[in-house]
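S.K.: Each chain is listed here by its residues.
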Amino acid sequence: MSDYQIRIRRSQGTRIYKVALGERMSALDALFRIQAEHESALAFRCACRVGMCGTCAMSINGVPRLACKTRVSALDSRVVAIAPLANFPVIQDLVVSLEPFFEQWRRIKPALRGSGSDTLAIVPPDPVISRKRDCITCGICYAACGVKASHADFLGPAAINRAFLRIHDPRDAAHRDRLKILNDEWSGVWRCHTQFNCTAVCPKKIDLTETIGRLKRTMLAS
Amino acid sequence: MKDVIRKYGGPFSGMVAQLVQRITGLLLLVYLFLHVRTVYALREGPEAFDRAVATFSSPLFKLLEIALLGVVILHALNGLRITLIDLGAKHASQRRLFVWSLGAGALIFLAGAIPLFFSSVLRR
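Protein sequence lines correspond, in order, to chains U and C. Under this note's numbering, the first residue of the first sequence is numbered 1, with each subsequent residue one higher. Under this note's numbering, the first residue of the second sequence is numbered 1001, with each subsequent residue one higher.
There's no promise every hint is true.
Stated by the list, open to error - Okay, the calculated beta carbon distance ranges per label pair:
| no. | chain 1 | residue 1 | chain 2 | residue 2 | range |
| --- | --- | --- | --- | --- | --- |
| 1 | U | V123 | C | L1034 | 55 to 61 Å |
| 2 | U | M1 | C | L1064 | 54 to 60 Å |
| 3 | U | A86 | C | R1095 | 19 to 25 Å |
| 4 | C | V1030 | U | I122 | 56 to 62 Å |
| 5 | U | R133 | C | R1095 | 23 to 29 Å |
| 6 | U | A86 | C | Y1031 | 32 to 38 Å |
| 7 | C | L1064 | U | E39 | 50 to 56 Å |
| 8 | U | P170 | C | S1093 | 27 to 33 Å |
| 9 | U | P125 | C | R1095 | 54 to 60 Å |
| 10 | U | P89 | C | A1106 | 40 to 46 Å |
| 11 | U | A152 | C | R1095 | 24 to 30 Å |
| 12 | C | T1083 | U | K69 | 31 to 37 Å |
| 13 | C | S1093 | U | R133 | 20 to 26 Å |
To be verified - Sample of chain U residues lacking proximity to chain C, with all beta carbon distances greater than 10 Å (derived):
| no. | residue |
| --- | --- |
| 14 | V63 |
| 15 | E103 |
| 16 | S115 |
| 17 | R166 |
| 18 | R171 |
| 19 | K180 |
| 20 | E185 |
| 21 | T199 |
Keep in mind the hints are simulated off the structure, nothing from the lab. Ideal Cβ placement from N, Cα and C applies to all residues, glycine included.
Please construct the entire structure, taking both the sequences and the accompanying hints into account.
M.R.: Pasting the structure below:
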């Protein structure tokens, strides 16, 4: 066990807690320990604890990550700063509202809009695209996006990735509508400045910047 | 400080590259304005133009000229990196491309800045 100083940006201001953690313990374990030993009112979200649901996304040492998949010992620092995700309104302590994220998500019409019997067709697997299906809508890419921080209208990487998957689905019949939304000068793919923040932080290792680049090239070609 | 270096030298290095591109772009815009203003002085006669050229011949402006070389190199090489990425270059290598552009930029800068420094700043 090693002693760590956990600095949490809570709704009332930053609070510092000292906790002893084992080598394999995660940031989420640290939060549970703080809740049990120091501050029972500390608010944070979690569900699966194995990196599948994306609920425990938060900023850890300045980088948005999943708390359950972040080993404190791997951070290589005895001081760990935990804060709510950037670019989201805070509800309480580390709990944020994902409403702005899903507002953009809805804009790209995320559901499959097939035409008749084609909707039941079996799509052959595509190795490039199948990796992009792993998105767990955790909002980490949205929080890391530098463009999103300054342009509230920007769709954000996850919504664009979802639109990309629908556009490349042969069963989908609404790709023209989606391309029109993605082509918007202010909120579409052209707003992306290729910063790679989203790709760097995605817990599912989805190359979101590459998705946006592909869409830009698709639009130029058409 | 260690955390800041780890963050902006690691996952957020692409954002640093974009920031560098923006800052150098703005500096080039300032230079362009000065350049156009100087050329415009031709309209006011040869004396006005000579005065402007004399100002730019001072050691301070010669140092700024060397800095301009650095700004142009950074902007050009980083722009080339972004163009390659936009054209579909392997995205996984974007950080390596940034480091390479900085390294190559430093070499080109030194190759141009050293002779410039000796010939225009030290000679005065």
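S.K.: Now tell me, hint by hint, if it's right for this structure.
M.R.: Structure-based check of each hint:
1. U:V123 / C:L1034: 55 to 61 Å: 58 Å, holds
2. U:M1 / C:L1064: 54 to 60 Å: At roughly 57 Å between Cβ atoms, L1064 (chain C) and M1 (chain U) fall inside 54 to 60 Å, so the hint holds.
3. U:A86 / C:R1095: 19 to 25 Å: 22 Å, holds
4. C:V1030 / U:I122: 56 to 62 Å: With Cβ atoms ~59 Å apart, the hint holds.
5. U:R133 / C:R1095: 23 to 29 Å: Cβ of R133 (chain U) to Cβ of R1095 (chain C): about 25 Å, so the range 23 to 29 Å holds.
6. U:A86 / C:Y1031: 32 to 38 Å: 34 Å, holds
7. C:L1064 / U:E39: 50 to 56 Å: Since the Cβ atoms of L1064 (chain C) and E39 (chain U) sit about 55 Å apart, the hinted range of 50 to 56 Å holds.
8. U:P170 / C:S1093: 27 to 33 Å: Since the Cβ atoms of P170 (chain U) and S1093 (chain C) sit about 31 Å apart, the hinted range of 27 to 33 Å holds.
9. U:P125 / C:R1095: 54 to 60 Å: 30 Å, violated
10. U:P89 / C:A1106: 40 to 46 Å: Holds: the Cβ-Cβ distance is about 43 Å, inside 40 to 46 Å.
11. U:A152 / C:R1095: 24 to 30 Å: 28 Å, holds
12. C:T1083 / U:K69: 31 to 37 Å: 35 Å, holds
13. C:S1093 / U:R133: 20 to 26 Å: 24 Å, holds
14. V63: 6 Å, violated
15. E103: Check passes; 24 Å lies beyond 10 Å.
16. S115: Non-interface label stands for S115 (chain U): nearest chain C Cβ at 31 Å, farther than 10 Å.
17. R166: 21 Å, holds
18. R171: 26 Å, holds
19. K180: Correct as stated: the minimum Cβ-Cβ distance to chain C is 21 Å, above 10 Å.
20. E185: Holds: least Cβ distance 17 Å, greater than 10 Å.
21. T199: 7 Å, violated
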